[in-house]
Amino acid sequence: AALANNAKAEAGEAAAEAAKSADEAGRHAADADKAATAAETSAAQAKQSAITARNAAAAADRDADAAEDSAAQAEFSAQYARDSATRADLSAAEARASALAAGKDADDANRLAGQAWAQAKEELEKEIAEEIRKNKEEHEKQQAAQKKKENRKNQQCVRLFPHGHTYEPCDEADARHERTREHFTIAADFARTYLFANTEKCIKDPTFGDCALALTEIIPAGKLRLLTKIDDAIDTYMNAKRAKKLPSVCGAKPRFPVKAGVGAAFNAVAHPVLLSARSGEDPRIFVNLHPEDKPEWFKAIAPGTALSRSGNYAYVVLEDGRLVIGKRTAGHVSISGGGPVTAAGEFKTKGGQVVYLDNKSGHFRSHGKHAEKAAIDAFGRDGIDVNGKYIHAWGKPDC
1 AALANNAKAE AGEAAAEAAK SADEAGRHAA DADKAATAAE TSAAQAKQSA ITARNAAAAA
61 DRDADAAEDS AAQAEFSAQY ARDSATRADL SAAEARASAL AAGKDADDAN RLAGQAWAQA
121 KEELEKEIAE EIRKNKEEHE KQQAAQKKKE NRKNQQCVRL FPHGHTYEPC DEADARHERT
181 REHFTIAADF ARTYLFANTE KCIKDPTFGD CALALTEIIP AGKLRLLTKI DDAIDTYMNA
241 KRAKKLPSVC GAKPRFPVKA GVGAAFNAVA HPVLLSARSG EDPRIFVNLH PEDKPEWFKA
301 IAPGTALSRS GNYAYVVLED GRLVIGKRTA GHVSISGGGP VTAAGEFKTK GGQVVYLDNK
361 SGHFRSHGKH AEKAAIDAFG RDGIDVNGKY IHAWGKPDC
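If you count the sequence shown from 1, position 257 lands on 257 in the numbering used here, and the numbers rise without skipping.
Keep in mind the hints are simulated off the structure, nothing from the lab. Do not rely on the hints blindly, as some may be mistaken.
Unchecked claim - Quick list of in silico lysine-lysine cross-link-like pairs, DSS-like style, CA-CA up to 25 Å: (1) K299 <-> K360; (2) K350 <-> K373; (3) K373 <-> K360; (4) K136 <-> K126; (5) K373 <-> K389; (6) K134 <-> K34; (7) K396 <-> K350; (8) K149 <-> K126; (9) K373 <-> K327; (10) K396 <-> K360.
As the list claims (entries may be wrong) - Listed next, with one range per pair, are the computed distances between beta-carbon atoms: (11) C157 <-> V355: 47 to 57 Å; (12) N312 <-> P397: 33 to 43 Å; (13) K369 <-> K148: 37 to 47 Å; (14) A129 <-> D377: 50 to 60 Å; (15) D320 <-> D293: 15 to 25 Å; (16) K126 <-> P169: 39 to 49 Å; (17) C157 <-> T41: 57 to 67 Å; (18) N135 <-> D385: 54 to 64 Å.
Each residue gets a CB set at the ideal place from its N, CA and C atoms; glycine is no exception.
Let the sequences and hints guide you as you build the complete structure.
Right, here's the structure in full:
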């Protein structure tokens, strides 16, 4: 009986412990449920916070430029206001001193000083507003110029050649034009003569470089009708000179075809005085020795492209000093547009450098010190160093 009583008591204690554990488990479950609810709430809040943060970041990014402008404007305005206040104070002090010196009492002096300060303040407020307007306008111009410069990096410009064209990044074109301006300048009378006045000079000397191609570089798009005057001038000149005997080059008389329209600006050439065969001096201009070969369309290659792609290329240097590059198979007559050149030949590139540069051209046979200098200078203006790499492969043609 005693054992039974003990077992019963132990069973009662176990039941009480079990009930207690069940209560604790219930409390833990309730706590867990509350924690889950809190976690869900926190997650929702975190999500909303992330959205708010992203929106704030976007707004901050949008306002960054405006804040920068405002800061610069505020700095300028504050500095100008400080200067203006100093000037106003000086005006008031001068008015007070003048009044006292004139024998007025202190009250009158202070009154006059106040009037002077008020007048100076009004004038300076107007001046500040005007200076702020000018500063803002200049700042906007600088921003527009910077934006335009950045946009040029992503634009492709067309580079025209006789009977061909190519494409190149506009910022590279700008840099090339800047280098060209360092070597060539267009005089004021050139602009007056060719853009606004009569083309009398072209009628007297319609050279390929001066009158035709140079104009296509500076005449804005939509105004190419001005070239009609040049074409008329060339036609007039060529008709007058057609019967005149030109000096022969190795038994061949160069022909200078004239076509109607803008084509004449690219093809018409008359240089009876440029050949130096009679004087014995190295020639500066070379004409096509095989005039029966006519120029054909070809795709010009930008100097930077030729430098970046290893290979063999043909080149000519036009009379205006411009370098024109084509495939080795293009033919120098096509690359030159049929007009005379100051240098012609071939070159090879590898690993971003020119391996060699020569004067191999069966149509022009450019030779001598002037041709070498013209080639080296032309490559240099386009940012390609060929010093020490020129090869006199072919000499003066046998006549």
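Structure-based check of each hint:
{"no.": "1", "hint": "K299 <-> K360", "result": "20 Å, holds"}
{"no.": "2", "hint": "K350 <-> K373", "result": "23 Å, holds"}
{"no.": "3", "hint": "K373 <-> K360", "result": "15 Å, holds"}
{"no.": "4", "hint": "K136 <-> K126", "result": "15 Å, holds"}
{"no.": "5", "hint": "K373 <-> K389", "result": "12 Å, holds"}
{"no.": "6", "hint": "K134 <-> K34", "result": "64 Å, violated"}
{"no.": "7", "hint": "K396 <-> K350", "result": "29 Å, violated"}
{"no.": "8", "hint": "K149 <-> K126", "result": "35 Å, violated"}
{"no.": "9", "hint": "K373 <-> K327", "result": "22 Å, holds"}
{"no.": "10", "hint": "K396 <-> K360", "result": "11 Å, holds"}
{"no.": "11", "hint": "C157 <-> V355: 47 to 57 Å", "result": "28 Å, violated"}
{"no.": "12", "hint": "N312 <-> P397: 33 to 43 Å", "result": "23 Å, violated"}
{"no.": "13", "hint": "K369 <-> K148: 37 to 47 Å", "result": "43 Å, holds"}
{"no.": "14", "hint": "A129 <-> D377: 50 to 60 Å", "result": "54 Å, holds"}
{"no.": "15", "hint": "D320 <-> D293: 15 to 25 Å", "result": "23 Å, holds"}
{"no.": "16", "hint": "K126 <-> P169: 39 to 49 Å", "result": "47 Å, holds"}
{"no.": "17", "hint": "C157 <-> T41: 57 to 67 Å", "result": "59 Å, holds"}
{"no.": "18", "hint": "N135 <-> D385: 54 to 64 Å", "result": "44 Å, violated"}
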